Amino acid sequence: GEDVEQSLFLSVREGDSSVINCTYTDSSSTYLYWYKQEPGAGLQLLTYIFSNMDMKQDQRLTVLLNKKDKHLSLRIADTQTGDSAIYFCAERGDKIIFGKGTRLHILP
Amino acid sequence: NAGVTQTPKFQVLKTGQSMTLQCAQDMNHNSMYWYRQDPGMGLRLIYYSASEGTTDKGEVPNGYNVSRLNKREFSLRLESAAPSQTSVYFCASSSSGGRGGDTQYFGPGTRLTVL
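Chain order of the listed sequences is A and B. With our numbering applied, the first sequence corresponds to residues 1 to 108, in that order. With our numbering applied, the second sequence corresponds to residues 1 to 115, in that order.
Worth flagging that the hints you see were computed from the coordinates, not collected in a lab. Among these hints, one or two may not hold up.
As the list claims (entries may be wrong) - Each computed EDC-like pair below joins lysine to aspartate or glutamate, with the alpha-carbon atoms no more than 16 Å apart:
{"#": "1", "chain 1": "B", "residue 1": "Lys57", "chain 2": "A", "residue 2": "Asp94"}
{"#": "2", "chain 1": "B", "residue 1": "Lys14", "chain 2": "B", "residue 2": "Glu79"}
{"#": "3", "chain 1": "A", "residue 1": "Lys100", "chain 2": "A", "residue 2": "Glu2"}
{"#": "4", "chain 1": "A", "residue 1": "Lys70", "chain 2": "A", "residue 2": "Glu2"}
{"#": "5", "chain 1": "A", "residue 1": "Lys95", "chain 2": "A", "residue 2": "Glu14"}
{"#": "6", "chain 1": "A", "residue 1": "Lys67", "chain 2": "A", "residue 2": "Glu5"}
{"#": "7", "chain 1": "B", "residue 1": "Lys71", "chain 2": "B", "residue 2": "Asp26"}
{"#": "8", "chain 1": "A", "residue 1": "Lys95", "chain 2": "B", "residue 2": "Asp56"}
{"#": "9", "chain 1": "A", "residue 1": "Lys100", "chain 2": "A", "residue 2": "Asp3"}
{"#": "10", "chain 1": "A", "residue 1": "Lys68", "chain 2": "A", "residue 2": "Asp54"}
{"#": "11", "chain 1": "A", "residue 1": "Lys100", "chain 2": "B", "residue 2": "Glu59"}
{"#": "12", "chain 1": "A", "residue 1": "Lys95", "chain 2": "A", "residue 2": "Asp26"}
{"#": "13", "chain 1": "A", "residue 1": "Lys36", "chain 2": "A", "residue 2": "Asp83"}
{"#": "14", "chain 1": "A", "residue 1": "Lys100", "chain 2": "B", "residue 2": "Asp38"}
{"#": "15", "chain 1": "A", "residue 1": "Lys95", "chain 2": "B", "residue 2": "Glu59"}
Computed from a predicted structure; not experimentally measured.
Given only the sequences and the hints, what does the whole structure look like? Please build it.
Below is the structure:
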């Protein structure tokens, strides 16, 4: 069945770039999403990319999609303490499937 | 707009008790969803409602029932709570629910503990 895989943890120093990676299996995916979950809160959509795009940039966020390898990444430039959260990758084919989330920890 | 609201925020139940989690959205969305989030498991879909008057099972429906009361409201009922249902429950809504790029908007969650 369809699956979305992410690493569970990432530690990054404040001011550095964070890169969160995701792989998926459904080749019919039309959209891929990145959601952010802060402690005690629900998921908030950060950005999404259509499957026929390679890259999307939105201020400090850059999404890269390698459709051949079914690999999605989220780069956060100049990581701040407010970026500390769990980041979920999700893909939509016939249905939406979420990864288990990557917890981003910011080091001082 | 409040977006997606959920009540209650926290709940403690004893095994065998019943309760209903409430969800409402004011974005005129057609589709609504119930997920549970457990450590290391990510989000798992319990039930969804693609449109008013329809409901369908998701990945983990056992032990739950849902009601799409109207376009705004989608409730989740636990008839006889079990400790395995201890989790954080999220309601979400989206405009279409079908194929395409419709985004899901999430509520703040209900933290349920079953003793």
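Worksheet item: What are the numbers of the hints the structure violates, in ascending order?
Response: 5
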